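> Sequence:
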Amino acid sequence: MEKQDLKFNTYVQILKEELIPATGCTEPIAIAYASAKAREVLGALPESVLVEVSGNIIKNVKSVVVPNTGGMKGIEAAAIAGIVGGNADKKLEVISDIDENQKRKIRDFLSKIPITVNQIDSGEIFDILVTLADRENNVSVRISRFHTNIVSIVKNGRILYSAGTGEEVRNCDDITENSGLSDKSLLNLKDIIDFADTCDLDDVRELLDLQIRSNYQIAEEGIRGDYGANIGSVLIHANGNAVQNRAAAMAAAGSDARMSGCELPVIINSGSGNQGITVSVPVVEYAKELNSSEDRLYRALLISNLTAVHEKTGIGRLSAYCGAVSAGCAAGCGIAYLQGEGYEALAHTLVNSLAVVSGIICDGAKPSCAAKIASSVQAGILGYQMWKDGQEFKRGDGIVNSDVEATIVNVGRLGREGMRETDKEIVSMMLDK
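Numbering (the numbering used here), first residue to last: 1198 to 1630.
No lab work stands behind these hints, which were simulated from the structure alone.
Treat the hints with care, since some could be wrong.
[What the hints assert, rightly or not] Below are the DSS-like pairs computed for lysine-lysine, each with C-alpha atoms no more than 30 Å apart in a straight line:
| id | residue 1 | residue 2 |
| --- | --- | --- |
| 1 | LYS1302 | LYS1259 |
| 2 | LYS1259 | LYS1563 |
| 3 | LYS1270 | LYS1287 |
[Claimed, not checked] Just the calculated beta-carbon pair ranges, DEER-fashion:
| id | residue 1 | residue 2 | range |
| --- | --- | --- | --- |
| 4 | LYS1287 | ASN1315 | 23 to 29 Å |
| 5 | LEU1628 | ASN1353 | 55 to 61 Å |
| 6 | GLY1437 | SER1308 | 28 to 34 Å |
| 7 | VAL1440 | SER1245 | 51 to 57 Å |
| 8 | GLY1267 | ARG1592 | 50 to 56 Å |
| 9 | VAL1440 | TYR1540 | 22 to 28 Å |
| 10 | GLY1267 | SER1245 | 58 to 64 Å |
| 11 | ARG1332 | ASP1629 | 32 to 38 Å |
| 12 | GLY1437 | GLU1589 | 27 to 33 Å |
This one's a predicted model, so the numbers in the text were calculated from it and none came from an experiment.
Idealized CB from N, CA, C, for every residue including glycine.
Hey, can you work out the whole structure from these sequences and the hints?
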């Protein structure tokens, strides 16, 4: 792929958009970001807080620990953390600099200020509206469609910012993203491999270095520490230290740490830290085992990252389809690439693995995410092992279609359309309705 090609530049831009740092689970952090921005525009601590969110946001915030809050969980904790200690300029690292004094203020604020949380159904799966008020003013900030996409800021009924209008005022001049991202319809596995083979690594080296360093660090912390259900440690104790087990265990350990409020940053993929960990850590683990060159590891990570984004494009940012599945199956492709494989092997790896684990549901961010990650990574590895042994799932075997791209389309349809009612039932169950 030539550097001047549209696809080349689009793929690089997709990586820059998707591989960004986040401290904590990204849905509560998006609430904290909206809250910090509203507090900034209000210019004072509020006397009341209203947080209105779509069902999928409730699902992904309810059970996860918000970093730098002393172990607090949920929407209220995320909002107050953003209000009391958030720095909106840092976006998905909005609450990364909270100090001990601010942690105490968060608990004190939560005990004194009324906070109302409502579910809204605006037609957007990803929707957050935070309204703060004091005696004189009120401010509303809305984030929609993806985690840092502020679409409106309203103060005392006056529109200060509206996405797409180009109208910005003081305190809103750091909003640089609009409602659109790069055209992901240009992604396909054959071109992803071509891009990985020919990419000038200097264009992506800094991004990938940060992903390797950050995501492997939280995986190591997860193995060392006591987080969640300690799935990584369980896997090592039960199944030993072979690389195929270690790859799944380390990814799971990173998730367990993250879901339990670990304050280390993660480089995300498709809006998710868990997916960012899953596409990268198993590939890094295999590269260590295989003594792969640095360049080969970078190129394998291009495969796993872009393949995961490609899979998720048809599904959407949030759904009842577990995003770890996309990431784990993509990691299988990266692992195959590390071992010298090309398009045919990667295509069969992806189809085989998707056929195994595409039924895993997303019932929110919580400790069981780590086990789902382990299962998905194991499926990715199994998909490749099947190919090496001359085995494959064929067209008509369930959701498997005529080729890898047609199968990815089926998976997108399953996650976006087929699981829509499942998603509603999951939210209902989580809210005890």
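> Now, for every hint given, state plainly whether the structure supports it.
Evaluated hints:
With a CA separation close to 22 Å, the supplied pair LYS1302 and LYS1259 stays within the 30 Å bound. The hinted pair formed by LYS1259 and LYS1563 meets the criterion: a straight-line CA distance of about 9 Å does not exceed 30 Å. Only pairs whose Cα atoms come within 30 Å are accepted, and LYS1270 paired with LYS1287 is accepted, the gap being roughly 21 Å. Distance hint for LYS1287 and ASN1315: a CB-CB separation of about 27 Å, consistent with the stated range 23 to 29 Å.
Remark: the range hint 55 to 61 Å for LEU1628 to ASN1353 is contradicted by a beta-carbon distance near 33 Å. For GLY1437 paired with SER1308, a C-beta distance near 48 Å fails the hint of 28 to 34 Å. VAL1440 and SER1245 have their C-beta atoms about 54 Å apart, which keeps the hinted 51 to 57 Å range intact. Distance hint check for GLY1267 and ARG1592: the Cβ-Cβ separation is about 53 Å, which falls inside the suggested range of 50 to 56 Å.
Checking the proposed 22 to 28 Å range against VAL1440 and TYR1540 shows it holds: the Cβ atoms sit about 24 Å from each other. Between GLY1267 and SER1245 the C-beta distance comes to about 23 Å, which lies outside the given range of 58 to 64 Å. Range check, ARG1332 to ASP1629: about 36 Å between beta-carbon atoms, so the 32 to 38 Å window is met. Distance hint check for GLY1437 and GLU1589: the Cβ-Cβ separation is about 28 Å, which falls inside the suggested range of 27 to 33 Å.
This entry does not satisfy hints 5, 6, 10, going by the numbered hints stated previously.
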